[in-house]
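Order-wise, the sequence lines are chains A and B.
Residue numbers for the first sequence follow numbering that gives the first Met the number 0, beginning at 0 and rising by one.
Residue numbers for the second sequence follow numbering that gives the first Met the number 0, beginning at 0 and rising by one.
Any given hint might turn out to be false.
To be verified - Which bits of chain A does chain B cover? Going by a derived footprint, with three or more residues having C-beta under 8 Å, they are:
id, stretch
1, 142 to 151
2, 158 to 171
3, 204 to 217
Said to hold, decoys possible - Ranges between beta-carbon positions, derived for each pair:
id, chain 1, residue 1, chain 2, residue 2, range
4, A, A230, B, E184, 29 to 39 Å
5, B, L169, A, G276, 25 to 35 Å
6, B, G107, A, L105, 42 to 52 Å
7, B, A174, A, R37, 33 to 43 Å
8, A, A260, B, N125, 38 to 48 Å
9, A, Q212, B, D68, 34 to 44 Å
10, A, A260, B, R170, 18 to 28 Å
11, B, H82, A, P171, 11 to 21 Å
12, B, R85, A, G276, 58 to 68 Å
13, A, A99, B, M0, 37 to 47 Å
14, A, L105, B, E115, 51 to 61 Å
15, B, E184, A, Q212, 23 to 33 Å
16, A, M83, B, G15, 15 to 25 Å
17, A, Y9, B, L104, 42 to 52 Å
Simulated from the structure, these hints should not be mistaken for lab results.
Cβ atoms here follow ideal geometry from the backbone N, Cα and C, with glycine treated the same way.
What follows is each chain in one-letter form.
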Amino acid sequence: MSFFQALAHYGFLQHAMIAGLLASIGCAVMGSYVVLKRITFLAGGIAHAVLGGMGVAYWMGAAPLAGAAVSAVLAALLIGWIRMQWHEQEDILIGALWAAGMAVGLVFISMTPGYNADLMSYLFGNILVVSHADLWLMGLLDAVIVAITLACHRQFLAVCFDEEFARARGVPVTFYYLLLLCLVALTVVLLIRVVGLILVIALLTIPAAIAVQFAGSMRRIMLLAGALGAAFNCAGLALSFSPDLPAGAVIVLVAALSFLAVTAGRGAWHRLRRRIGS
Amino acid sequence: MPPVIELENVSFSYHGPRVLVDVSLSVERGEFLGVVGPNGSGKSTLIKLILGLLRPDRGSVRVLGGNPDEVRSRLGYVPQFAHFRRDFPLSVEQMVLQGRLGGGLQWGPWRRADREAAREALAEMNIAELAPRPIATLSGGQLQRAVIARALTSGPEILLLDEPTSNVDLRQETALFEHLKALTERCTVLVVSHDVGFISGYVDRVACVNRTLVTHRTAELTGETIETLYGEPLRMVHGHGHHHGNVPG
């Protein structure tokens, strides 16, 4: 059975497809800020620290994604605070938080009695088991991210472009910076189902990193990144289906190879043009 | 009239040796003040203290009769050039519009009044036609004008510029200072520079910063005072097509 026949046939594949599309919305919006503000490492720290919250939620018998949302926001605030207080040791502290968050998660998951099959799906995602409730949660997170971005886009842009000027204008830079990090954290939660928290960073940054090379304004970067993210999700899902490969990993590989191809292609094109020009 | 900027016995350090020691400064409304000094002498720190971005360890800073925090929206700031990424995907208009942001509640898109103010500021800096261009495509001089336009959009009473000409050529530098001089008609201008010989042809007074601060009217400025400040002889630069007959070389 081909992928498209299966897609028409199976609810779980349709869910997977919708999940991928929903994830690409949040990724496009927040990924653009992450790439332009160059806070990929911060976003990575938030993503990995999330396992701590998921582990605690799992141990308490609560929904792991709810635990992920709470711990993601906490990690975002902590990392934002670290950056403001100890700017010089920022990378070391975030690295420590990154690993400590995962360690907390592993300890709590091992303390939970029963079969821990879910662990792999948090780490690497499992887009094929996305439930109706997950889709609603993802839609809600997208709505929150888009609504806040529409309201605060000017401030976010000013904070990303020239923090000190914004501060000199009296813009509460710390507030908007932390708000931006919290939205990045929610985007991470959005992506856990799709690619898992280890691979999150690829889907968050790659579509925006490609879009930045072609689009000249923030709005266009977000739109292009959204289209690219959706394409990577669909292509990865389709390619992984017949050989029965893990969908999240294939989605990330499609994105990474596209990034490589586009960047190398652009470099070659510029060299070629220079040679013709000279 | 009371001074618009008043620093009294201000000292400041960034977790280490003191950058500014016992600095006092008083600036009148409409004055054009140059701030000069060697690298690392505390010129930028002085500007940031006036903007309220830094707080003094000792002494007081009063701006427009209040705390810098309270009056920040009435100040225009032109930060150092290398402050932001030149390749940031932003049009000139969008960058200039950022000068309209403030501390109050502002949500959603830009309003018509904001766009109008940005348009006027661009026209004032003679770069109205650059509005739709990405900032990455501007020359150093054009970008410098755009950054000043950004500071002008809020109609500032005091304009503070930190090394505005470090990335432009001499012809543009001359044009820029002519422009700043014209601006003193409606606001006080404070400009940081490392080129004392050049700015002394335009500014009313020079504040020489090197941990301490001494001001001189440009009319009284001699090579000797600058020499004591820098600790070594300094060649005064001449011949930019304007006369500074009152400055000995």
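task = Would you list, in rising numerical order, the hints stated earlier that this structure does not obey?
result = Going through the list in order, the structure violates hints 4, 10, 12, 13, 15 and respects the others.
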